[in-house]
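Enquirer: Heads up: the sequence lines are chains A and B, in that order. Just so we're aligned, residue 1 is where the first sequence starts under this note's numbering, counting upward by one. Just so we're aligned, residue 587 is where the second sequence starts under this note's numbering, counting upward by one.
There could be a bad hint or two in this list.
[As the list claims (entries may be wrong)] Calculated cross-link-like contacts (lysine to aspartate or glutamate; reagent style EDC-like; alpha-carbon spacing at most 16 Å):
#: 1; chain 1: A; residue 1: K584; chain 2: B; residue 2: E632
#: 2; chain 1: A; residue 1: K584; chain 2: B; residue 2: D591
#: 3; chain 1: A; residue 1: K75; chain 2: A; residue 2: E53
#: 4; chain 1: A; residue 1: K488; chain 2: A; residue 2: E309
#: 5; chain 1: B; residue 1: K686; chain 2: B; residue 2: E698
#: 6; chain 1: A; residue 1: K534; chain 2: A; residue 2: E519
It should be emphasised that the hints constitute simulated quantities derived from the structure, not laboratory data.
If you want the building blocks of each chain, they are given just below.
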Amino acid sequence: MNKVNIQIDDINLEVPENSTIMEACDKVGIHIPRLCYHPILSNEGACRICIVEVDGIYNYLPSCSTYVFDGMKIKTNSPEIRQARRDLVELMLDNHPMDCQLCVRNGNCELQALSYKLGVRERLFEGVRKSYELDLSSDSVVRNAEKCILCGQCIRVCANVQGVYNLSQHHRGVNTIVTPAFLSSMENSVCVKCGQCINVCPTAAFTEKDYTEKIWAALNDPDIFVIAQTAPSIRAAIAEGFGHPPGVNGTGQMITALRRLGFDAVFDTNFGADLTIVEESVEFLKRLESGEKLPMITSCSPGWIKFLEHFFPELIPNASTCKSPMQMVSTLLKTYYAEKNNLDPKKIFVVGVMPCTAKKFESRRPEHYNVEGGYPYTDAVITTRELIWMIKAYGIDFNHLPKGNFDLPLGFSTGAGDIFGSTGGVMEATLRTCQAKLTGIQNQELEYFDVRNVEGLREASIKIGDKVLNIAIANGLNNAKTILNRVKNKEKEYHIVEIMACLGGCVAGGGQPIPDVGEFIYPLDKNMIKLRAKALYDIDENKSIRRAHENPYIEKLYEEYLGKPGGELAYKLLHTHYHPRLPKGI
Amino acid sequence: MFEEDYNLDKEITDYIDWCKEQEHPESYLIAILHKIQEKYGYLSQENMYEVAQKLRVPTSFVSGVATFYHYFRLKPRGYFHISICLGTACFVKGADLVLKAFQNELGIEIGETTSDGVFSIEGARCIGVCALAPVLMINDAVYGNVKPTQVSELLSSLRAKYNQEKKVSA
Chain A
1 MNKVNIQIDD
11 INLEVPENST
21 IMEACDKVGI
31 HIPRLCYHPI
41 LSNEGACRIC
51 IVEVDGIYNY
61 LPSCSTYVFD
71 GMKIKTNSPE
81 IRQARRDLVE
91 LMLDNHPMDC
101 QLCVRNGNCE
111 LQALSYKLGV
121 RERLFEGVRK
131 SYELDLSSDS
141 VVRNAEKCIL
151 CGQCIRVCAN
161 VQGVYNLSQH
171 HRGVNTIVTP
181 AFLSSMENSV
191 CVKCGQCINV
201 CPTAAFTEKD
211 YTEKIWAALN
221 DPDIFVIAQT
231 APSIRAAIAE
241 GFGHPPGVNG
251 TGQMITALRR
261 LGFDAVFDTN
271 FGADLTIVEE
281 SVEFLKRLES
291 GEKLPMITSC
301 SPGWIKFLEH
311 FFPELIPNAS
321 TCKSPMQMVS
331 TLLKTYYAEK
341 NNLDPKKIFV
351 VGVMPCTAKK
361 FESRRPEHYN
371 VEGGYPYTDA
381 VITTRELIWM
391 IKAYGIDFNH
401 LPKGNFDLPL
411 GFSTGAGDIF
421 GSTGGVMEAT
431 LRTCQAKLTG
441 IQNQELEYFD
451 VRNVEGLREA
461 SIKIGDKVLN
471 IAIANGLNNA
481 KTILNRVKNK
491 EKEYHIVEIM
501 ACLGGCVAGG
511 GQPIPDVGEF
521 IYPLDKNMIK
531 LRAKALYDID
541 ENKSIRRAHE
551 NPYIEKLYEE
561 YLGKPGGELA
571 YKLLHTHYHP
581 RLPKGI
Chain B
587 MFEEDYNLDK
597 EITDYIDWCK
607 EQEHPESYLI
617 AILHKIQEKY
627 GYLSQENMYE
637 VAQKLRVPTS
647 FVSGVATFYH
657 YFRLKPRGYF
667 HISICLGTAC
677 FVKGADLVLK
687 AFQNELGIEI
697 GETTSDGVFS
707 IEGARCIGVC
717 ALAPVLMIND
727 AVYGNVKPTQ
737 VSELLSSLRA
747 KYNQEKKVSA
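Based on the sequences and whatever the hints tell you, model everything.
Expert: The following block contains the structure:
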């Protein structure tokens, strides 16, 4: 690659010729302020905050989208540039509500941080403000157009990463607004509720629907038995909310914190993950034998399932009918667990702590209600961020908590359940169980490194016994589209496909902690995702039981209650169905 | 919105098919929207949805483009579409008063259509006949030297015409 010599603020350096000024500056420790830039999204150049001065060019240039040339002399700081950047932020604030203290992003808002950093101390351009109604239509994602600064990151993440293209700018000039097609509400759109718009939004224009009020109320009611279940990825990210770097395992403190909040029992969604594997491998081996409905596609990710219903309705039969781990646990809590402990299912309040905003939507799907009783199996879903806030709101000092353990029986899980939170994890867990069932040999390979990686799209052929399984793994729905089109057009024959809606899997879900604005870590940063995933693989490695079907409490569950895997009761309680949705996605 | 609701004219769907054979089909989006507006007078959500599905351009992008350009109408026009020239010459000669008279008589603003669907008004730039200022157009006919006091009478005669034409077609 050709290199060019440039000078940045009197520092001489050599950089590849296709770098932008911003990339060159990042290398030498100069952090140019920015709002609309994201390394994995296309360049927009919308905010103009990252302007720099280039010798010989009259106008200031946006450093995110200007490429270097040989002999370029760049000045990133001068009283004039700082003034210009400050003016730009002030102009944005002109059209921004002044309610930082009431805002859910207070303390972790890029616009707020930038105003402070650039020295905005008064409002000079106060004028007429746009006013829009809050879009509360969706169970998962709340859209607040008043807080939007039109950086376009939500539009780009929805298009470039998720392939959903739900959002676009509508109207123009001062009237510009980001909405789904036809300015409709989030509910009446192809939104898959993955929540990535929330992760990349520098302000609070997109936030999750808040369910904490309902939970406080349930916790305060002595007649209600409140149960928490926590998804695999929560433990790998929750510590970030309390000052730790990504990848710190916070399982023990998280359990203690939930108990102190007043939860009567704390169970593990990983138990459901193990159970999913047991049911799913029975389903898969059946399909493999009959050759029907192949490839089988995993169904744990509710964002992916909604995507399937809007974008690939013809492939619905290929999706596994297994409920997601969360719904399996919730269903068992209000049936098996309730019966065993003489509890009235209507007096049980199940809270799912999930890295995911689509889980909020999933819990409200009519398929996940008890028809006779008219109650949902999962009463409320909160994200990692909401749980972190609840812990802080309750005055719990997370970092000084003793480590707790999950309650039994639905709190015991094998290593297979832990890795569900990372892309490739469901595949690896399935392979561990299928291999044991297909070959009858128990102690074979446990770690399928072919499937471990955070790349968006992987394919492999894995030999199990005398069979070769063609597998594919996709994370990020744009990658899923590629695989699904290959399946649809019969270009490739896979046996099993794992799809997770979010980049890197649940560890980077739409409900995970947003990196602190001071840390210079982008939301969806690859390294951050890898560290969170590693925390899960480490937990898996340190467990003595690592195959889902060897979970003794699952064996007991089938013995005492469900009968056999894939049996009648198991099918009734642990499986679900999907249906095509409108509007159709493109 | 369902596929059964697809109702674009064959002439337009043929054009979309042709566009899809070109190098950058999506770049023909505006041209397609023009044809639809020419045919139906405005862009309905159903039509835009159908364009998105057939051209394979995300629906949000189609509606984003349609709302960006003032030229595209998103609501149906009235049976009589009245464009009042608000260019310099007409304005100096009192076009604003003419506009106000229409607004008072019909109870609608620029860009709106009466609830019975008979009249819609729009502010136009120069029509090119400044000598007749103030000028307006009703559908394809040009009216010159319009006085605010004539508006009421003009609307009554149009309404009579509308009633008669409706009767004939019924």
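Enquirer: None of the hints should be skipped; say for each whether it holds.
Expert: Hint by hint, here is what the structure shows:
1. A:K584 to B:E632: Holds - the C-alpha atoms of E632 of chain B and K584 of chain A are around 12 Å apart, at most 16 Å.
2. A:K584 to B:D591: Holds, at about 13 Å.
3. A:K75 to A:E53: holds, 5 Å
4. A:K488 to A:E309: Holds - the C-alpha atoms of E309 of chain A and K488 of chain A are around 14 Å apart, at most 16 Å.
5. B:K686 to B:E698: holds, 14 Å
6. A:K534 to A:E519: Distance of about 20 Å is beyond 16 Å: violated.
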